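Make a model of the complete structure from these sequences and hints.
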Amino acid sequence: MFDTSAPPEVVLFLGRFHPLLVHLPIGFLLIAFLLELFSRLPRFDGYRHAGAFVLFLGALSSILAAGFGYFLSLGGGYDEDLLATHQWMGIGMTGASVVALFLKTRLSKHTTRLQERVYGLMLTLSVVLMMGAGHYGGSLTHGADYLTAYFPTSMESFTSGSANKKKQPKVITNLPEAVVYTDIIQPILDNRCISCHNPAKKKGDLRLNDFTGLMAGGKGGSVVEAGQVAQSKLYKRLLLPPEDKHAMPPKGKDPLTDSEMQLIAWWINQGGAAADKKVKELTQTSTIKAALANRTAESKWINPVFAKKINPASKEALQAADLAGFLVLPLAKDQPFLQAQKKVNAPAMKDLSALAPLAEQLVSLDLNGTSVSDSILASISRFENLTRLHLENTQITDEGINRLLDLSFLEYLNLYGNPVTDKGILLLAKFPHLRKVYLWQTEVTPDGVAALQQKQQKLQIITGIPLQTSTSSQQLSVASTK
Amino acid sequence: MNIFEEAQVRKAEYQTRRHFLWKCMTGLGAAALTSLIGCNWLKSGNDSSSPTGGLVRDLSKPFMPLEPHFPAKAKSVIFLHMAGAPSQLELFDYKPVLQKLNGLDCPPSLLEGKKFAFIKGVPKMLGPQAKFQQFGQSGAWVSQHLPEFSKMVDEVSFLKAMYTDQFNHAPAQLLMQTGNARLGKPSIGAWATYGLGSENENLPGFIVLLSGGKAPDAGKAGYGSGFLPTVYQGVECRQHGEPVLYVGDPAGMSRDLRKKSIETINAVNQLHYQEMKDPETISRISQYEMAFNMQVSVPEVMDINKEPAYIHDLYGTQPGKASFANNCLLARRLVEKGVRFVQLFDWGWDSHGNDPNNALDKGFGNLCHTIDKPVAALLQDLKMRGLLDETLVVWGAEFGRTPMQENREGKEMAFKGRDHHTDAFTVWMAGGGIKGGYTHGETDEIGYYGISGRTSVFDLQATILNQLGMDHERLTYAFQGRNFRLTDVHGKVIKEVIA
Numbered sequence: 001m002f003d004t005s006a007p008p009e010v011v012l013f014l015g016r017f018h019p020l021l022v023h024l025p026i027g028f029l030l031i032a033f034l035l036e037l038f039s040r041l042p043r044f045d046g047y048r049h050a051g052a053f054v055l056f057l058g059a060l061s062s063i064l065a066a067g068f069g070y071f072l073s074l075g076g077g078y079d080e081d082l083l084a085t086h087q088w089m090g091i092g093m094t095g096a097s098v099v100a101l102f103l104k105t106r107l108s109k110h111t112t113r114l115q116e117r118v119y120g121l122m123l124t125l126s127v128v129l130m131m132g133a134g135h136y137g138g139s140l141t142h143g144a145d146y147l148t149a150y151f152p153t154s155m156e157s158f159t160s161g162s163a164n165k166k167k168q169p170k171v172i173t174n175l176p177e178a179v180v181y182t183d184i185i186q187p188i189l190d191n192r193c194i195s196c197h198n199p200a201k202k203k204g205d206l207r208l209n210d211f212t213g214l215m216a217g218g219k220g221g222s223v224v225e226a227g228q229v230a231q232s233k234l235y236k237r238l239l240l241p242p243e244d245k246h247a248m249p250p251k252g253k254d255p256l257t258d259s260e261m262q263l264i265a266w267w268i269n270q271g272g273a274a275a276d277k278k279v280k281e282l283t284q285t286s287t288i289k290a291a292l293a294n295r296t297a298e299s300k301w302i303n304p305v306f307a308k309k310i311n312p313a314s315k316e317a318l319q320a321a322d323l324a325g326f327l328v329l330p331l332a333k334d335q336p337f338l339q340a341q342k343k344v345n346a347p348a349m350k351d352l353s354a355l356a357p358l359a360e361q362l363v364s365l366d367l368n369g370t371s372v373s374d375s376i377l378a379s380i381s382r383f384e385n386l387t388r389l390h391l392e393n394t395q396i397t398d399e400g401i402n403r404l405l406d407l408s409f410l411e412y413l414n415l416y417g418n419p420v421t422d423k424g425i426l427l428l429a430k431f432p433h434l435r436k437v438y439l440w441q442t443e444v445t446p447d448g449v450a451a452l453q454q455k456q457q458k459l460q461i462i463t464g465i466p467l468q469t470s471t472s473s474q475q476l477s478v479a480s481t482k
Numbered sequence: 483m484n485i486f487e488e489a490q491v492r493k494a495e496y497q498t499r500r501h502f503l504w505k506c507m508t509g510l511g512a513a514a515l516t517s518l519i520g521c522n523w524l525k526s527g528n529d530s531s532s533p534t535g536g537l538v539r540d541l542s543k544p545f546m547p548l549e550p551h552f553p554a555k556a557k558s559v560i561f562l563h564m565a566g567a568p569s570q571l572e573l574f575d576y577k578p579v580l581q582k583l584n585g586l587d588c589p590p591s592l593l594e595g596k597k598f599a600f601i602k603g604v605p606k607m608l609g610p611q612a613k614f615q616q617f618g619q620s621g622a623w624v625s626q627h628l629p630e631f632s633k634m635v636d637e638v639s640f641l642k643a644m645y646t647d648q649f650n651h652a653p654a655q656l657l658m659q660t661g662n663a664r665l666g667k668p669s670i671g672a673w674a675t676y677g678l679g680s681e682n683e684n685l686p687g688f689i690v691l692l693s694g695g696k697a698p699d700a701g702k703a704g705y706g707s708g709f710l711p712t713v714y715q716g717v718e719c720r721q722h723g724e725p726v727l728y729v730g731d732p733a734g735m736s737r738d739l740r741k742k743s744i745e746t747i748n749a750v751n752q753l754h755y756q757e758m759k760d761p762e763t764i765s766r767i768s769q770y771e772m773a774f775n776m777q778v779s780v781p782e783v784m785d786i787n788k789e790p791a792y793i794h795d796l797y798g799t800q801p802g803k804a805s806f807a808n809n810c811l812l813a814r815r816l817v818e819k820g821v822r823f824v825q826l827f828d829w830g831w832d833s834h835g836n837d838p839n840n841a842l843d844k845g846f847g848n849l850c851h852t853i854d855k856p857v858a859a860l861l862q863d864l865k866m867r868g869l870l871d872e873t874l875v876v877w878g879a880e881f882g883r884t885p886m887q888e889n890r891e892g893k894e895m896a897f898k899g900r901d902h903h904t905d906a907f908t909v910w911m912a913g914g915g916i917k918g919g920y921t922h923g924e925t926d927e928i929g930y931y932g933i934s935g936r937t938s939v940f941d942l943q944a945t946i947l948n949q950l951g952m953d954h955e956r957l958t959y960a961f962q963g964r965n966f967r968l969t970d971v972h973g974k975v976i977k978e979v980i981a
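Chains as they are written, first to last, in the working numbering: chain G, 1 to 482; chain L, 483 to 981.
Just so you know, not all the hints are guaranteed correct.
[What the hints assert, rightly or not] Chain G is nowhere near these chain L residues, computed Cβ spacing over 12 Å in every case:
| # | residue |
| --- | --- |
| 1 | 498 |
| 2 | 551 |
| 3 | 552 |
| 4 | 663 |
| 5 | 679 |
| 6 | 726 |
| 7 | 738 |
| 8 | 742 |
| 9 | 746 |
| 10 | 898 |
| 11 | 922 |
[What the hints assert, rightly or not] Calculated cross-link-like contacts (lysine to any residue; reagent style SDA-like; alpha-carbon spacing at most 25 Å):
| # | chain 1 | residue 1 | chain 2 | residue 2 |
| --- | --- | --- | --- | --- |
| 12 | L | 702 | L | 712 |
| 13 | L | 819 | G | 293 |
| 14 | L | 633 | G | 435 |
| 15 | L | 865 | G | 429 |
| 16 | L | 543 | L | 776 |
| 17 | L | 788 | G | 463 |
| 18 | L | 555 | G | 20 |
| 19 | L | 543 | L | 756 |
| 20 | L | 555 | L | 776 |
| 21 | L | 633 | G | 79 |
| 22 | L | 597 | L | 893 |
| 23 | G | 315 | L | 548 |
| 24 | G | 233 | L | 924 |
| 25 | G | 315 | L | 597 |
| 26 | L | 543 | G | 349 |
| 27 | L | 974 | G | 262 |
| 28 | L | 633 | L | 793 |
| 29 | L | 602 | L | 699 |
| 30 | G | 343 | L | 788 |
| 31 | L | 865 | G | 350 |
| 32 | L | 696 | L | 648 |
| 33 | L | 977 | G | 64 |
| 34 | L | 803 | L | 648 |
| 35 | L | 893 | L | 599 |
| 36 | L | 543 | L | 770 |
| 37 | G | 343 | L | 549 |
| 38 | G | 251 | G | 79 |
| 39 | L | 602 | L | 585 |
Quick caveat, the hints were computed from the structure, so don't treat them as lab data.
Here the structure is a predicted model, which is why all the values come from computation and not from measurement.
For every residue, glycine included, the Cβ atom is placed at its ideal position computed from N, Cα and C.
Take a look at the structure:
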């Protein structure tokens with residue numbers, strides 16, 4: 001490639017040593033500053049003499065680092081403003097350290113107060129500038145939001161099993177009305193590309209932080225060809241095997257998932273790479289539908305109870321529950337949330353009092369096949385954080401459902417094999433977060449289910465094999481009374 | 483120097499100061515080095531200090547439930563392993579292009595550098611030997627052989643581009659079940675029970691049920707405990723007579739006497755343990771205790787006679803007959819009782835074309851018929867009991883089958899069959915936090931290679947553990963100086979299929 005403006009290769013080669021060299025002045029100047037500080041104390045008076053030598057090393061390495069930094073900047077691809085700030089701070093720091101060195105060597109011979117003051121000022125200034133230059137240098141290589149990207153929030157620790165610290169993609173609440181570019185494509189780019197292709201870093205002269213940047217393309221011209229995914233560099237680079245020099249994201253970074261790739265291809269081909277097309281305006285294949293569904297608010301829903309700050313349960317309370325015949329386990333390691341069930345070999349359960357001290361932590365309770373009854377459920381309302389409740393194969397009636405109403409976080413309720421009726425299950429519409437309810441082998445009729453479904457569209461009502469066919473209903477009632 | 487003199491010199495060497503120092507140095511050096519590089523040959527088993535975090539297990543309570551690494555989506559797993567490897571091209575992976583190529587010679591580009599179990603020379607392409615149709619809201623393709631299962635496709639996530647690197651049954655089954663094609667590694671059920679324990683103190687945490695008239699080629703190693711304590715191996719339950727051999731009391735022995743004798747044996751074993759400190763002794767004690775509990779619980783849970791008639795209708799079960807259907811019903815009963823991992827093997831799916839019983843144009847349909855209804859029933863039954871939400875069902879085999887017709891020894895076979903194929907096969911998962919009505923991965927036009935969303939056997943294993951709330955990279959066991967895990971150095975959770 002013949003590009004007359006490009007700097008010679010040796011300059012670029014040396015420039016790459018800048019990130020390595022910058023650490024030397026950081027150490028030297030800081031230690032020179034500390035030596036100077038401590039040597040004011042009579043105990044450390046001897047340090048005074050070391051100061052000049054360390055400062056000399058600091059100034060020398062500053063000059064080298066600044067020079068190599070300039071070489072690196074010739075390679076291009078950095079945000080001009082950020083680069084200028086970093087550059088001038090770096091030069092300022094080098095200058096200050098050289099002046100300080102000059103004064104220090106003079107000082108040892110004949111001192112004036114003014115000289116000493118100026119020396120102290122210069123040394124301090126070089127350290128302050130060094131910190132500034134360091135910060136902006138970091139912003140140049142890692143992106144301006146690098147420091148604060150993982151600012152902790154309470155929900156994040158709970159969202160997913162495997163230690164996936166990637167920012168979650170933007171959640172879509174109304175899918176058909178969502179704008180394909182802003183709500184789907186840009187979030188993918190934000191998540192996967194902009195750490196290198198941002199206004200500050202701009203690798204390959206390409207920035208992907210907004211639509212204009214994407215359309216402007218990079219060094220090699222445009223990266224998106226409307227309607228022609230096979231011609232679009234943005235997509236072609238994604239398809240290359242990880243070993244390829246041009247593969248994106250580069251080796252060592254997580255590749256895009258299949259669904260992310262499918263969505264990008266879909267937007268380029270079907271969406272004509274337009275900025276304002278909505279999801280409903282484009283044709284969707286079944287794979288695209290699935291990929292889209294994955295990005296909706298519904299698929300990202302997490303029970304709000306897990307955002308609560310909960311204190312860990314006390315050892316005594318856990319022991320007491322264990323002795324009373326309950327198997328209590330944390331939902332996961334280092335989580336305060338608990339799940340409980342009756343132990344297989346424990347004698348019949350009398351009430352839930354042994355679990356009462358764990359009420360705050362308990363989010364899942366399995367009373368499947370126990371002697372739990374409507375009267376025992378009178379005390380259930382204190383377990384206000386329950387999200388899953390197994391009451392199958394017990395003797396719960398409509399009255400029992402009524403007693404559950406305070407459990408506002410409930411998302412799974414298993415009532416199969418209980419004599420509950422249409423009247424009782426209508427109450428289920430009052431649970432704001434209920435997702436799944438199991439009603440096989442109950443006295444509920446298809447009409448009752450339909451009435452509930454109408455009230456709560458989102459609720460999944462699982463009734464099992466046909467409820468009210470003439471022959472099987474008899475069998476069912478026989479089975480449920482067993 | 484004759485031999486006696488040499489012996490004298492050697493003996494003298496052992497008494498010199500120089501020799502003493504030399505030995506000291508190398509010995510201490512070796513000890514220092516091992517501690518420096520973080521390996522200790524004296525240590526094995528629970529390694530709580532390791533950064534990868536093994537877990538601490540009290541072997542006197544080997545099945546005590548432990549909390550998972552992160553909140554689990556599934557409490558139990560039912561793994562339906564079709565030993566012998568059914569043809570994905572006749573069940574799920576619909577390839578109309580392959581029909582057009584039917585009977586043509588296989589192009590050399592597909593054969594170069596390939597190893598097959600039986601194919602020799604140039605085989606002919608073989609079109610799909612079944613009719614396909616789309617089902618459910620998801621429009622998943624399923625062949626005519628699985629009419630009942632096709633009603634359940636919206637509960638299922640298909641992995642259409644699975645691959646493995648073993649083309650013979652035994653090693654491939656071992657790879658699928660233990661993460662290694664060689665013997666000696668713990669199976670996935672053993673890992674799961676080791677990591678999580680089991681909620682029912684009266685039943686083993688890992689139970690194996692066999693059907694199809696033959697054990698899988700991998701043998702008991704396919705559900706063994708490898709280097710984990712033996713208590714975690716899969717307990718095989720039989721369908722004839724006693725479900726577990728000798729679980730009943732001999733004639734004339736009362737339960738009280740049995741109890742006393744087991745208590746005495748355990749007391750003796752306890753003494754032995756105090757003397758020898760062999761953890762296997764503790765393991766043995768707990769096995770005796772569990773065996774005593776199993777005397778009541780196993781016959782009870784394995785007796786399907788008490789199931790109502792409509793359940794037998796649903797599964798197509800016939801009590802007392804060894805069948806895959808019975809095993810499916812048992813799997814549901816076991817999971818309902820809190821068993822952690824139920825492993826089914828159904829043998830007989832090796833459709834080479836040499837045996838009419840499994841030939842694709844002959845008995846394959848009948849074979850499918852024996853699993854179709856039970857599998858659909860299992861999904862349906864788990865679902866209406868609210869168990870599918872917490873139970874991961876996996877259906878699959880050790881590998882797939884070739885788009886080419888098998889030509890053993892270069893000759894034409896009596897029936898239509900396909901050879902073993904490692905580059906593409908189908909596995910499906912359902913329940914336990916897996917998406918319903920989803921297909922991940924795609925194969926090329928003839929189903930020879932996966933072209934997108936390829937997933938390895940290790941990826942599947944990582945995903946199964948992930949649904950159980952365990953990080954496959956953190957579930958480790960220190961053995962022979964290093965931490966081992968199910969997926970060794972491989973495996974990536976298939977996030978696409980997770981709901």
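Going down the list of hints, with the structure as the test:
Non-interface status of residue 498/L relative to chain G is upheld: no Cβ of that chain comes within 12 Å, the nearest being about 52 Å off. Against chain G, the non-interface label of residue 551/L is violated: not every CB pair exceeds 12 Å, the least being about 6 Å. For residue 552/L, the requirement that its beta carbon stay farther than 12 Å from each beta carbon of chain G is not met, with the minimum near 4 Å. At roughly 26 Å from the closest C-beta of chain G, the C-beta of residue 663/L stays outside 12 Å, upholding its exclusion from the interface.
A cut-off of 12 Å between C-beta atoms contradicts the statement that residue 679/L is not in contact with chain G; the least separation is 9 Å. Distance check on residue 726/L: its Cβ is at least 18 Å (rounded) from any Cβ of chain G, clearing the 12 Å threshold; non-interface status holds. Non-interface status of residue 738/L relative to chain G is upheld: no Cβ of that chain comes within 12 Å, the nearest being about 18 Å off. Every CB of chain G is more than 12 Å from the CB of residue 742/L (nearest about 19 Å), matching its label as outside the interface.
For residue 746/L, the shortest C-beta to C-beta distance to chain G comes to about 22 Å, beyond the 12 Å cut-off, and the non-interface label holds. No beta-carbon of chain G is positioned within 12 Å of the beta-carbon of residue 898/L; the least distance is around 31 Å. With a least CB separation of 7 Å from chain G, residue 922/L falls inside the 12 Å interface cut-off, contrary to its annotation. Straight-line distance between C-alpha atoms of residue 702/L and residue 712/L comes to about 12 Å, which keeps the hinted pair within the 25 Å bound.
Annotation: proposed proximity of residue 819/L to residue 293/G is violated, straight-line Cα distance about 35 Å (limit 25 Å). A C-alpha spacing of about 23 Å is found between residue 633/L and residue 435/G, which places the hinted pair at or below 25 Å, so the restraint holds. A threshold of 25 Å between alpha carbons decides the hint, and for residue 865/L with residue 429/G the separation of about 21 Å falls inside it, so the pair holds. The hinted pair formed by residue 543/L and residue 776/L meets the criterion: a straight-line CA distance of about 15 Å does not exceed 25 Å.
For a cut-off of 25 Å, the pair hint linking residue 788/L to residue 463/G stands: about 22 Å separates their Cα positions. Simply put, residue 555/L and residue 20/G have alpha-carbon atoms about 46 Å apart, too far for the 25 Å limit, and the pair is violated. The suggested pairing of residue 543/L with residue 756/L holds, with an alpha-carbon distance near 17 Å, which does not exceed 25 Å. Taking the CA atoms of residue 555/L and residue 776/L, the gap is near 28 Å; set against the 25 Å cutoff, the hint is violated.
Straight-line distance between C-alpha atoms of residue 633/L and residue 79/G comes to about 58 Å, which puts the hinted pair past the 25 Å bound. Taking the CA atoms of residue 597/L and residue 893/L, the gap is near 17 Å; set against the 25 Å cutoff, the hint holds. Restraint check for residue 315/G and residue 548/L: the C-alpha separation of about 16 Å stays at or below 25 Å, so the hint holds. This hinted pair checks out: residue 233/G and residue 924/L have alpha carbons roughly 24 Å apart, not beyond 25 Å.
With a CA separation close to 59 Å, the supplied pair residue 315/G and residue 597/L exceeds the 25 Å bound. A C-alpha spacing of about 24 Å is found between residue 543/L and residue 349/G, which places the hinted pair at or below 25 Å, so the restraint holds. Annotation: proposed proximity of residue 974/L to residue 262/G holds, straight-line Cα distance about 20 Å (limit 25 Å). Using a Cα cut-off of 25 Å, the hinted pair residue 633/L and residue 793/L holds, with the two alpha carbons roughly 18 Å apart.
With a C-alpha separation of about 23 Å, the suggested pair residue 602/L and residue 699/L falls inside the 25 Å cut-off, and the hint holds. Restraint check for residue 343/G and residue 788/L: satisfied, since their Cα atoms lie roughly 24 Å apart, inside the 25 Å limit. This hinted pair does not check out: residue 865/L and residue 350/G have alpha carbons roughly 30 Å apart, beyond 25 Å. At most 25 Å may separate the alpha-carbon atoms for a hinted pair to count; residue 696/L and residue 648/L meet this at roughly 21 Å.
The straight-line distance between the Cα atoms of residue 977/L and residue 64/G is roughly 48 Å, outside the 25 Å bound, and the hint therefore fails. Between residue 803/L and residue 648/L the alpha-carbon distance is near 34 Å, which puts this suggested pair outside the 25 Å criterion. For a cut-off of 25 Å, the pair hint linking residue 893/L to residue 599/L stands: about 14 Å separates their Cα positions. In summary, the hint linking residue 543/L to residue 770/L is supported, as the alpha carbons are separated by about 12 Å, within the 25 Å threshold.
Distance check on the hinted pair: residue 343/G and residue 549/L sit about 16 Å apart at the alpha-carbon level, within 25 Å; holds. For the hint pairing residue 251/G with residue 79/G, the CA-to-CA distance comes to about 24 Å; that is within 25 Å, so the pair holds. With a CA separation close to 16 Å, the supplied pair residue 602/L and residue 585/L stays within the 25 Å bound.
In the structure shown, a violation is registered for the earlier hints numbered 2, 3, 5, 11, 13, 18, 20, 21, 25, 31, 33 and 34, in ascending order.
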